[in-house]
Every structure is written in structure tokens, then in C-alpha cells.
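Engineer: We have chain U already, so just place chain G on it with the hints.
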Amino acid sequence: MQPREQDIITRVLNGRASEFAYFLDAYGDRVFALIAGIVPSEQDAEELTQDTFVRAFQRLGSFKGDAKFSTWLYRIACNLAVSFLRSRGPQTDVLQEGWMNLDDDDVDAFFGDDSDPRLALLDTALLRLPPEERTVITLFYFEEKSLAEIAYITLGDATKVSTVSSQLCRLRKKLYGIIKQLEG
Amino acid sequence: MKDKSMTEERLMQLRQHDVALRKPARRGPSPFVASRIRQNVMQRVQQEQAKRERREEILTWLAIAAVVIGGLVTLGVFCGQQLLDSLKEISARQEYVPLSIWLNVMVLGVAFLALDRFLRRRILGK
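Which chain is which? The protein sequence lines are U and G, in order.
If you read the first sequence in my numbering, its first letter stands for residue 522, the second for the next number, and so on.
If you read the second sequence in my numbering, its first letter stands for residue -4, the second for the next number, and so on.
One chain only, chain G, in its complex shape:
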């Protein structure tokens, strides 16, 4: 078809030629309208930012709650009895807390950071 074969160059020539089509252009805002737009947008942007920060805070607390509850449930299910026994033993002997417990705490910490990051990326697009 003739239309489809028209190159970009030919269209640029048409743009120069079609003075009538280029004429009713450029309706920029008056200075008053421009300043009103700026003011309203910045106000709405600040509100959006406040909303975003609130959402982030809620997400952080949700992540903390999820990891703590998840961690406690996991500990309870898989090694609740052993943990209780070893804690009893520790208090009876007055020894140091074993490495495995510290390891558990560290794993929980890393899991929290990962979950926090995941939720922020997923929900806030950060």
C-alpha cells in the first residue's frame, strides 16, 4: 500500500509542509495556572510520600511479627523439647549459651532482613 511505504523522511517533509496543522499549537499554561499546578502537585506528592512511609512502617512491623511468630513456631515444633531441656541444663550448670542457639538467632535475623527487603521490593517497588 502506498501509505505504508511512506518513509520517515517523507513524513518529516509533510510536517514542514502542513503549516495549517502546526499552527493551532502551543497552548502552554498561564503563569498563574502553572504555579497552581506546581503547588497542587507538590502537595499531593507530599501526601503520597507520607502514605508511602506509613505503609513502609507497617510492612516493617509485619515482617518482624511474621519472622518472630514463624521462628517461634518452628522452634516449638522441631526442637521445643530439646531447647527446654538444654536451657534447663544450662541454668543448672551455669554454663554459656550453646552456639546452636546463637545460630538460631542469627538465622532469624537474616530471615527478617530478607523478608523486609522482599516485601519492600514487591509492594513498594523499591
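Just chain U, same shape as in the assembly:
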């Protein structure tokens, strides 16, 4: 974390709440983009972005500096977005069996092509993933976070890199399986 951020946190904790605006200016757009990658509605993303920052303000005293402030903030944002989607009940389809046996070369070929019809299909398929899995895809591909950061944000433990690694490999295939199901 930048030393300046630690000073701002100390001042906010000592009662200068207006200084919290720094974090909104620094991370507001990125937190919104992250949440918008997880929840489909822009209105919900706006509400959840606000809730994320208010929650961060309420819990600022518990920030220990063991991760970057932005990573800590992302963790709050992801937890809120996932809980929000969970509270709306299951929205995912049951994937047909056998998707784990799909050919790796087909998966690679599909994701290596960014033609428009393919992207539209991918957008739909992403929404069929459970919120936790969509979060991992969003953090890895859209936010370009490292595996350790993703492990901290989604599992609360930066050392669980191998869990995230195998999860990502499984998710690529699963996503491709959903697309095949949509096409079929």
C-alpha cells in the first residue's frame, strides 16, 4: 500500500471522514467495473458500488494492511456482489454431463477468436455461471489480477493459488460447455 493511503486511513479513523473521498476518486470506477462484470444490471452495480465504499468506511479500522487497499476493497465488492446474486436465488442452468471431457484444442480455438457472434454467445454464457465462478473469471480476465490476489479476494487467503489455478482451468472448459449447450 502507498504510504499516503495509510496516512489517509489514519486521518479518516481519527474523524476526518471527508478525506475518504480520496478512495472514491482513486478506485470508484474500477470497483464499479468489477461489480458490473459480476451483476448483469447497471443499476444494481451502482447500488453495490455505493454499498462497497460505505462498508469499507465502516470497517476501515479492521484493515490491517496485509494486502493492498484496492485488493481489500475488491474483496468487499465481490462478497457483496455474490451475496446479492445469491439472495436472488439460483439463476444458473444445469450443465449437461461430460463437459469435463471436451477437447482442450477446441476450447483454446474458441477463446482465441473474438468475432462478434462469439462474444455475444460468451456474454450469455457468462451470465449462466454461478456468481462465485463469474467473479473468478472477471478478476482474472477483466481486472487482470494475479492468482494470489484472486485467492485473497475470493477465498480470503492469498496462499491458495493452486485452488484458483485449477478453478480457472475448470471454468474455461465449463464456459465452453455452456456455449456448446447454448449452440446445440
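Keep in mind that the hints were calculated from the coordinates and are not lab data.
All the pointers check out, no bait thrown in.
Pair ranges (Cβ atoms, derived):
hint, chain 1, residue 1, chain 2, residue 2, range
1, G, V105, U, N600, 37 to 43 Å
2, U, E653, G, R47, 28 to 34 Å
3, U, S583, G, N35, 22 to 28 Å
4, U, A630, G, N35, 42 to 48 Å
5, U, D587, G, R39, 24 to 30 Å
Yeah, the Cβ is synthetic: ideal placement off N, Cα and C, and Gly gets one too.
Structural biologist: Coordinates of chain G only, in the frame set by chain U:
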């Protein structure tokens, strides 16, 4: 399992390769939405701060009340009679207040500060 043996480096290569997965990204807020978020959050933050200050004030008064009542009860139970006697004696002789009474007051003061700090840490996380 093949999946588990995949290194971080290989995953980074996949990230570069999977252009389709990187494409539907970056949906930042419009300037209007961004400014609305900022305004609403800061408003809620100020409300939270006001609530926090009120809570702190209540806690301070609770700490004062707890220490004063606790102190009085302790004094009453353990040395009420002696205290009364010595105060009577002091007023009769017109002497200075003895050191033990000042010591009691100081202990109460320190206990108050400690309790105040404890409650703030425990409840407000400060």
C-alpha cells in the same frame, strides 16, 4: 491431475491467448453515474461518521457513569465507615485531606481512562 499442475505462467499465457474472454470487459460508469456514486457515498459516510461520534459520546458517558458508580460502591463496601470517620476527624481538626483519599481519586481517574480506551477499541475498533 493435469489441471492442477498448470503453472501461473501457463495461465498468464492463456490470459493473453483468450482474447474472447478479455473482450467483454471494462464497463466503467458514465461520468454522471460516477458523480452520483461519489455524492451518495460521501453523504452516507458523513451520516455514518455522525452516528459514530454519537456512539462515542454515549460510550464516554457510560464509562464515566460505570467508574463513578463502581468507585462509590467499592468505597462504600470496603472503607465507607473509615472514610466517614476520617472525614469527620479532618473537619474537626481542620487538617489537610490525607494522601490515601487523593490516591483513591487518582486510581479512579486511571480506571476511567482505561475503561474508556477499552470500550472504544472493543466497540468502535479504534
